[in-house]
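Protein chains: 2
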Amino acid sequence: MKESKDLKTEVWKMARKAKEASCLLARFSTDTKNAALREMAEGLERARDLLIEENGKDLAAGEKAGLSLPMMDRLRLTPALIRGMADGLREVTHLPDPVGEVVKMWRRPNGLMVGRMRIPIGVIGIIYESRPNVTADAAGLCLKSGNCVILRGGSEAAHSNHAIAQILQNALVETGIPADAIQVLPHPGREAMREMLQLEDSIDLVIPRGGEELIRFVTTHSKIPVIKHYKGICHIFVDEDADLEMAARICLNAKVQRPGVCNAMETLLVHEKVAERFLPRIAELLTEAGVELRGCDRTRRILSHVGEATEKDWSEEYLDLILSIRVVDGIEEAMSHIESYGSLHTEAIVTSDYSNAQRFLREVNSSCVLVNASTRFNDGFELGLGSEIGISTSKLHAFGPMGLEELTTTKFIVYGEGQIRN
Amino acid sequence: MKESKDLKTEVWKMARKAKEASCLLARFSTDTKNAALREMAEGLERARDLLIEENGKDLAAGEKAGLSLPMMDRLRLTPALIRGMADGLREVTHLPDPVGEVVKMWRRPNGLMVGRMRIPIGVIGIIYESRPNVTADAAGLCLKSGNCVILRGGSEAAHSNHAIAQILQNALVETGIPADAIQVLPHPGREAMREMLQLEDSIDLVIPRGGEELIRFVTTHSKIPVIKHYKGICHIFVDEDADLEMAARICLNAKVQRPGVCNAMETLLVHEKVAERFLPRIAELLTEAGVELRGCDRTRRILSHVGEATEKDWSEEYLDLILSIRVVDGIEEAMSHIESYGSLHTEAIVTSDYSNAQRFLREVNSSCVLVNASTRFNDGFELGLGSEIGISTSKLHAFGPMGLEELTTTKFIVYGEGQIRN
Numbered sequence: 027m028k029e030s031k032d033l034k035t036e037v038w039k040m041a042r043k044a045k046e047a048s049c050l051l052a053r054f055s056t057d058t059k060n061a062a063l064r065e066m067a068e069g070l071e072r073a074r075d076l077l078i079e080e081n082g083k084d085l086a087a088g089e090k091a092g093l094s095l096p097m098m099d100r101l102r103l104t105p106a107l108i109r110g111m112a113d114g115l116r117e118v119t120h121l122p123d124p125v126g127e128v129v130k131m132w133r134r135p136n137g138l139m140v141g142r143m144r145i146p147i148g149v150i151g152i153i154y155e156s157r158p159n160v161t162a163d164a165a166g167l168c169l170k171s172g173n174c175v176i177l178r179g180g181s182e183a184a185h186s187n188h189a190i191a192q193i194l195q196n197a198l199v200e201t202g203i204p205a206d207a208i209q210v211l212p213h214p215g216r217e218a219m220r221e222m223l224q225l226e227d228s229i230d231l232v233i234p235r236g237g238e239e240l241i242r243f244v245t246t247h248s249k250i251p252v253i254k255h256y257k258g259i260c261h262i263f264v265d266e267d268a269d270l271e272m273a274a275r276i277c278l279n280a281k282v283q284r285p286g287v288c289n290a291m292e293t294l295l296v297h298e299k300v301a302e303r304f305l306p307r308i309a310e311l312l313t314e315a316g317v318e319l320r321g322c323d324r325t326r327r328i329l330s331h332v333g334e335a336t337e338k339d340w341s342e343e344y345l346d347l348i349l350s351i352r353v354v355d356g357i358e359e360a361m362s363h364i365e366s367y368g369s370l371h372t373e374a375i376v377t378s379d380y381s382n383a384q385r386f387l388r389e390v391n392s393s394c395v396l397v398n399a400s401t402r403f404n405d406g407f408e409l410g411l412g413s414e415i416g417i418s419t420s421k422l423h424a425f426g427p428m429g430l431e432e433l434t435t436t437k438f439i440v441y442g443e444g445q446i447r448n
Numbered sequence: 027m028k029e030s031k032d033l034k035t036e037v038w039k040m041a042r043k044a045k046e047a048s049c050l051l052a053r054f055s056t057d058t059k060n061a062a063l064r065e066m067a068e069g070l071e072r073a074r075d076l077l078i079e080e081n082g083k084d085l086a087a088g089e090k091a092g093l094s095l096p097m098m099d100r101l102r103l104t105p106a107l108i109r110g111m112a113d114g115l116r117e118v119t120h121l122p123d124p125v126g127e128v129v130k131m132w133r134r135p136n137g138l139m140v141g142r143m144r145i146p147i148g149v150i151g152i153i154y155e156s157r158p159n160v161t162a163d164a165a166g167l168c169l170k171s172g173n174c175v176i177l178r179g180g181s182e183a184a185h186s187n188h189a190i191a192q193i194l195q196n197a198l199v200e201t202g203i204p205a206d207a208i209q210v211l212p213h214p215g216r217e218a219m220r221e222m223l224q225l226e227d228s229i230d231l232v233i234p235r236g237g238e239e240l241i242r243f244v245t246t247h248s249k250i251p252v253i254k255h256y257k258g259i260c261h262i263f264v265d266e267d268a269d270l271e272m273a274a275r276i277c278l279n280a281k282v283q284r285p286g287v288c289n290a291m292e293t294l295l296v297h298e299k300v301a302e303r304f305l306p307r308i309a310e311l312l313t314e315a316g317v318e319l320r321g322c323d324r325t326r327r328i329l330s331h332v333g334e335a336t337e338k339d340w341s342e343e344y345l346d347l348i349l350s351i352r353v354v355d356g357i358e359e360a361m362s363h364i365e366s367y368g369s370l371h372t373e374a375i376v377t378s379d380y381s382n383a384q385r386f387l388r389e390v391n392s393s394c395v396l397v398n399a400s401t402r403f404n405d406g407f408e409l410g411l412g413s414e415i416g417i418s419t420s421k422l423h424a425f426g427p428m429g430l431e432e433l434t435t436t437k438f439i440v441y442g443e444g445q446i447r448n
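So the protein sequences, as listed, match chains A and B. Throughout, the numbering used here is defined as the position within the first sequence, counted from one, plus 26. Throughout, the numbering used here is defined as the position within the second sequence, counted from one, plus 26.
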């Protein structure tokens with residue numbers, strides 16, 4: 027009982043310190059924030075041996091706890107990954123600072139000049155799993171956009187995350203920025219996270235990135251607004267009039283270029299009129315690339331060696347070299363399949379028909395909808411946002427990749443000359 | 027037990043119907059939506075006698091229940107108010123339709139054309155108290171922005187709200203739009219609202235408008251994202267270099283033009299160097315207008331007849347002809363008072379000093395910050411948004427007045443020519 031009260035107080039204090047720091051952080055110049063980011067990058071590179079040592083403790087514990095190979099892989103810090111973190115921080119210095127930008131300004135009939143100015147959101151909680159490099163990436167983007175961050179990584183990476191955060195905090199202090207701008211939740215267990223999710227007066231936004239179970243936990247317990255970075259059940263619809271060579275190239279890329287990520291294709295929808303020509307060709311390419319295919323009945327009439335896709339397959343995010351395939355009557359059935367089973371993440375159409383292209387773009391309301399391009403482009407860097415903290419599948423505030431601008435909000439500013447209201 | 031299960035099912039079904047209607051509603055043309063809005067306006071005017079009759083039932087019940095006079099006043103529908111609702115709906119037809127607007131489009135080095143297209147949020151729950159005219163106003167704005175709406179007015183206005191909604195639904199059906207696009211929560215009690223707040227899979231956003239207790243209830247119980255329309259403890263800081271005639275005009279307007287609304291001034295901060303000149307003059311004007319003044323010690327040394335402002339006064343939203351006054355050392359102390367006691371709603375500075383004006387605009391992070399203008403301008407219509415569904419004091423998604431654009435979100439659209447990712 028006493029322990030849980032202490033935990034509550036500890037988390038509350040941490041959040042208050044972040045809130046206080048956030049008022050100061052909003053006012054630092056771009057130059058100072060960039061200097062801190064460079065210092066953070068150098069600090070990480072200088073501390074390479076220490077980081078690998080601390081990461082070793084997590085790896086040893088992970089092995090003892092019997093973590094899966096992919097999880098151990100995500101947990102591991104290598105010299106290349108440490109250089110990657112440092113380079114990532116340096117790249118953020120080159121992105122434009124969104125804070126203070128006036129996105130629009132207009133004049134009212136009474137002479138008032140009204141504008142919308144970007145300001146930081148305030149204090150952001152980032153909740154993630156496994157990969158310790160997220161600690162540096164997320165902290166860098168939050169710092170540049172003037173936000174304080176509370177990081178809550180997975181308990182399996184606790185040593186690594188604390189070591190990284192310590193280096194980042196030292197860099198802040200070197201540059202004259204309050205160390206409280208970047209904090210790690212002291213206890214990696216769920217209890218501290220639950221306490222954190224109550225603190226709506228100190229924390230402005232929570233971004234959970236991870237599996238379904240983690241995200242459900244966060245939305246159920248949070249009083250703070252949540253932007254979910256949820257799963258991607260991404261579709262490609264190959265239309266009757268598609269250039270089938272282009273379709274094959276795009277589908278292959280969307281499935282195999284990096285199958286373990288949220289913008290990889292999970293279900294292929296093929297127009298019945300081209301199924302007989304297209305399916306054998308794409309099946310050959312995918313099978314060569316090691317992809318297991320699961321098809322609907324009509325698919326299996328054409329590809330007899332393919333396994334059956336059950337109802338469960340249509341709503342599964344494989345994150346693996348598996349693809350479900352369905353033959354559809356046309357764009358209507360394709361869009362209705364997407365509406366039933368999609369996760370609002372990424373969908374593409376391959377077509378040379380003008381009105382189907384326009385219709386698909388207009389009517390499919392996923393965070394990114396593409397014509398004649400791979401689903402793998404739904405990514406902050408690829409779409410031109412410079413960088414991203416993740417891909418939101420919540421419609422509020424930010425839908426799709428969240429870059430620096432999406433880590434800000436706007437306030438109205440008004441220049442008057444004594445106007446009063448009638 | 028059975029009853030509560032029935033209620034749960036009823037609310038769930040209503041939300042599902044709204045979700046289904048929302049996919050259709052997103053695709054209706056601006057012309058059709060405008061035709062429905064005009065039909066809604068005419069329907070309300072035609073049904074004037076019925077509406078006044080139904081409102082009479084609410085008024086009779088309210089009187090029996092001993093509602094306060096201001097509450098009875100807010101509850102009452104008059105022929106003028108009914109005409110006002112109808113005119114409001116007609117005005118919405120003249121506002122630009124945000125749905126389908128591409129707010130930006132750019133070209134990537136690989137030739138991809140990337141844009142952001144506005145789409146409706148989906149299903150919006152609006153929770154409000156007393157005023158039955160909100161039913162028509164909110165429904166009109168949601169319809170024009172392509173959103174389905176679930177309205178939950180106060181139980182004291184249940185007859186009026188149901189009668190209004192019935193007329194609006196008839197107008198939808200006349201125009202070929204599904205009636206489920208506008209629904210009223212069947213039972214006005216808290217239990218049905220609590221069920222509704224669980225339905226994160228069907229409802230995309232909840233907007234509570236009302237008192238502190240209602241808003242706390244909603245944020246505590248909601249699994250759905252919430253945009254709060256919360257209280258306004260608005261400040262005006264009269265700086266050392268202010269034009270004191272202008273300052274008097276602005277302060278008088280901000281306090282007395284409509285004292286019962288959220289953008290009225292509640293606390294006046296005066297620079298010590300002008301306090302002796304300014305306070306007697308403004309006190310005279312405000313007292314003439316019937317305002318009760320409560321001052322800090324330094325204020326009361328100048329205005330001896332003024333009552334004492336206690337710690338509680340600084341965080342009180344009077345919504346009445348009461349004003350608290352504090353003399354401050356300068357802009358630093360003024361901003362730090364606002365940071366401690368403000369509600370992030372609206373703050374103004376009156377000054378002729380260039381750098382203080384710029385600094386106040388930049389550093390005060392309320393939803394609307396003004397120089398040399400009345401706080402009463404923080405309003406969707408006055409700032410040029412055309413109309414508003416309320417004023418958000420949540421930083422996420424929309425901060426300040428929410429017009430039609432703020433009732434949409436954006437998705438990324440991508441025009442490709444066969445691009446794949448390397």
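Since the hints were made in silico from the structure, they are not lab data. Predicted model, so just to flag it, every value in this text is computed and none were measured. Incorrect hints may appear among the rest.
Identical copies look the same in the list; a pair holds intra-copy or inter-copy alike.
Pairs of lysine-lysine, DSS-like flavour, derived with a Cα cap of 25 Å [unchecked claim]:
{"#": "1", "residue 1": "299", "residue 2": "34"}
{"#": "2", "residue 1": "130", "residue 2": "437"}
{"#": "3", "residue 1": "257", "residue 2": "34"}
{"#": "4", "residue 1": "257", "residue 2": "299"}
{"#": "5", "residue 1": "34", "residue 2": "249"}
{"#": "6", "residue 1": "257", "residue 2": "31"}
{"#": "7", "residue 1": "45", "residue 2": "90"}
{"#": "8", "residue 1": "34", "residue 2": "130"}
{"#": "9", "residue 1": "130", "residue 2": "83"}
{"#": "10", "residue 1": "257", "residue 2": "45"}
{"#": "11", "residue 1": "130", "residue 2": "39"}
How the hints compare with the structure:
1. For the homomeric pair residue 299 and residue 34, neither the shortest alpha-carbon distance inside one copy (62 Å) nor that between copies (45 Å) is at most 25 Å.
2. Within a single copy, residue 130 and residue 437 get their C-alpha atoms as close as 11 Å, and across copies as close as 20 Å, so both meet the 25 Å cut-off.
3. Proximity of residue 257 and residue 34 under a CA criterion of 25 Å is satisfied in neither setting, with 31 Å inside one chain copy and 28 Å between copies.
4. Neither within a single protomer nor between protomers do residue 257 and residue 299 lie at most 25 Å apart by alpha-carbon distance, with minima of 31 Å and 60 Å respectively.
5. Proximity of residue 34 and residue 249 under a CA criterion of 25 Å is satisfied in both settings, with 15 Å inside one chain copy and 23 Å between copies.
6. In this assembly of identical chains, the alpha carbons of residue 257 and residue 31 never lie at most 25 Å apart, being 35 Å within a copy and 32 Å across copies at closest.
7. In this homomeric assembly, residue 45 and residue 90 never come within 25 Å of each other (Cα to Cα): the closest approach is 38 Å inside a single copy and 48 Å across copies.
8. Within a single copy, residue 34 and residue 130 get their C-alpha atoms no closer than 43 Å, and across copies no closer than 45 Å, so neither meets the 25 Å cut-off.
9. With identical chains, the CA atoms of residue 130 and residue 83 are never at most 25 Å apart, being 51 Å at best within one copy and 48 Å at best between copies.
10. When the C-alpha separation of residue 257 and residue 45 is checked against a cutoff of 25 Å, the pair qualifies only between copies, where the shortest distance is 21 Å, while the shortest distance within a copy is 31 Å.
11. In this assembly of identical chains, residue 130 and residue 39 lie within 25 Å of each other by CA distance neither inside one copy nor across copies; the values are 38 Å within and 42 Å between.
Checked against the numbered hints given earlier, the structure breaks hints 1, 3, 4, 6, 7, 8, 9 and 11 and satisfies all the rest.
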